[in-house]
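Visitor: Sequence:
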Amino acid sequence: MITYSVTGRTPSILPVAVFRRLARACRIVHRLSRKKIIGVRFVTPREIQRLNRLYRGKDCPTDVLSFEAGSGSELGDLVICTQVAVREAKRRKIDPAEELVRLLAHGTLHLAGMDHATERDERRIFKMQEAIIEKVLS
Numbered sequence: 001m002i003t004y005s006v007t008g009r010t011p012s013i014l015p016v017a018v019f020r021r022l023a024r025a026c027r028i029v030h031r032l033s034r035k036k037i038i039g040v041r042f043v044t045p046r047e048i049q050r051l052n053r054l055y056r057g058k059d060c061p062t063d064v065l066s067f068e069a070g071s072g073s074e075l076g077d078l079v080i081c082t083q084v085a086v087r088e089a090k091r092r093k094i095d096p097a098e099e100l101v102r103l104l105a106h107g108t109l110h111l112a113g114m115d116h117a118t119e120r121d122e123r124r125i126f127k128m129q130e131a132i133i134e135k136v137l138s
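At position 127 of the sequence shown the residue is numbered 127 (the UniProt record's numbering), and the sequence of numbers has no breaks.
One or more of the hints may lead you astray.
[What the hints assert, rightly or not] With beta-carbon atoms standing in for the labels, derived distance ranges: (1) G57 with V16: 30 to 36 Å; (2) T62 with A131: 30 to 36 Å; (3) R24 with R123: 33 to 39 Å; (4) S12 with C60: 32 to 38 Å; (5) T44 with R120: 19 to 25 Å; (6) C60 with S5: 24 to 30 Å.
[Stated by the list, open to error] With a cut-off of at most 27 Å between alpha-carbon atoms, the simulated DSS-like pairs for lysine-lysine come out as follows: (7) K127 with K90; (8) K127 with K93; (9) K36 with K93; (10) K58 with K90; (11) K135 with K58; (12) K135 with K35; (13) K135 with K93; (14) K35 with K127; (15) K90 with K135.
If you are wondering where the hints come from, they were derived from the structure by calculation, not from laboratory data.
All C-beta atoms in this analysis are idealised placements derived from N, C-alpha and C, irrespective of residue type, glycine included.
My request is simple: use the sequences and hints to build the entire structure.
Guide: Pasting the structure below:
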C-alpha cells in the first residue's frame, strides 16, 4: 500500500483523511499494492517555478511536478503548488480540494510509471485519474 509522507504545511482545504482514501483508491484502480512511500511537498508559486525551470526548462509556475525515486521503498516525490491549483480550480469552476486530489492522483500515476506521451496513453492515464478521484471523493 502507498503511504504519503507530507512535508511542509498541508493546505487546510485538504483533509488529512484524503491521503488514506487516495492510497486505497490507487491500490484498487492501478493495483498499486507494493509498499511504497510518496513524498508530498506543498510549495509557493516561486518555488515551483524554480523547480520547473531547473528540471523541465520551463520558466513558469506549474501545478504539480513528479520526481521518480531510483529504487527501494520510495516511489518518488510530488511537489504541488496550492496557489496554482486553486487558480485552476476557479477557472474550471470546481472545488479546490478536488483539484488537489486530481493533482495527487495524476502525480501518483506518473510515479507508478504511467505517462501521456501518446493519445492512447493520455486517455488511459486520465481515465484512471478520474476513477481514483471518484473513489476518493465519494
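Visitor: Would you mind marking each hint as holding or not holding in the structure?
Guide: Hint check results:
1. Between G57 and V16 the beta carbon distance is about 35 Å. The supplied range of 30 to 36 Å therefore holds.
2. Against the hinted window of 30 to 36 Å, the Cβ-Cβ separation of T62 and A131 comes to about 24 Å, which falls outside the hint.
3. In this structure the supplied range 33 to 39 Å is violated for R24 paired with R123, their Cβ-Cβ distance being about 24 Å.
4. Under the hint 32 to 38 Å, the C-beta atoms of S12 and C60, about 26 Å apart, miss the expected range.
5. Between T44 and R120, the C-beta spacing of about 36 Å breaks the proposed range 19 to 25 Å.
6. About 27 Å separates the C-beta atoms of C60 and S5, a value consistent with the hinted range of 24 to 30 Å.
7. With a C-alpha separation of about 22 Å, the suggested pairing of K127 with K90 holds against the 27 Å cut-off.
8. Among the hinted pairs, K127 with K93 is consistent with the structure: their alpha-carbon atoms are about 20 Å apart, no more than 27 Å.
9. The straight-line distance between the Cα atoms of K36 and K93 is roughly 33 Å, outside the 27 Å bound, and the hint therefore fails.
10. Distance check on the hinted pair: K58 and K90 sit about 23 Å apart at the alpha-carbon level, within 27 Å; holds.
11. Of the supplied pair hints, the one linking K135 and K58 is violated, its CA atoms being roughly 33 Å apart against a limit of 27 Å.
12. The straight-line distance between the Cα atoms of K135 and K35 is roughly 20 Å, inside the 27 Å bound, and the hint therefore holds.
13. Taking the CA atoms of K135 and K93, the gap is about 20 Å. The hint holds against a cut of 27 Å.
14. Taking the CA atoms of K35 and K127, the gap is near 24 Å; set against the 27 Å cutoff, the hint holds.
15. For the hint pairing K90 with K135, the CA-to-CA distance comes to about 22 Å; that is within 27 Å, so the pair holds.
Consistency note: the structure conflicts with the earlier hints numbered 2, 3, 4, 5, 9, 11.
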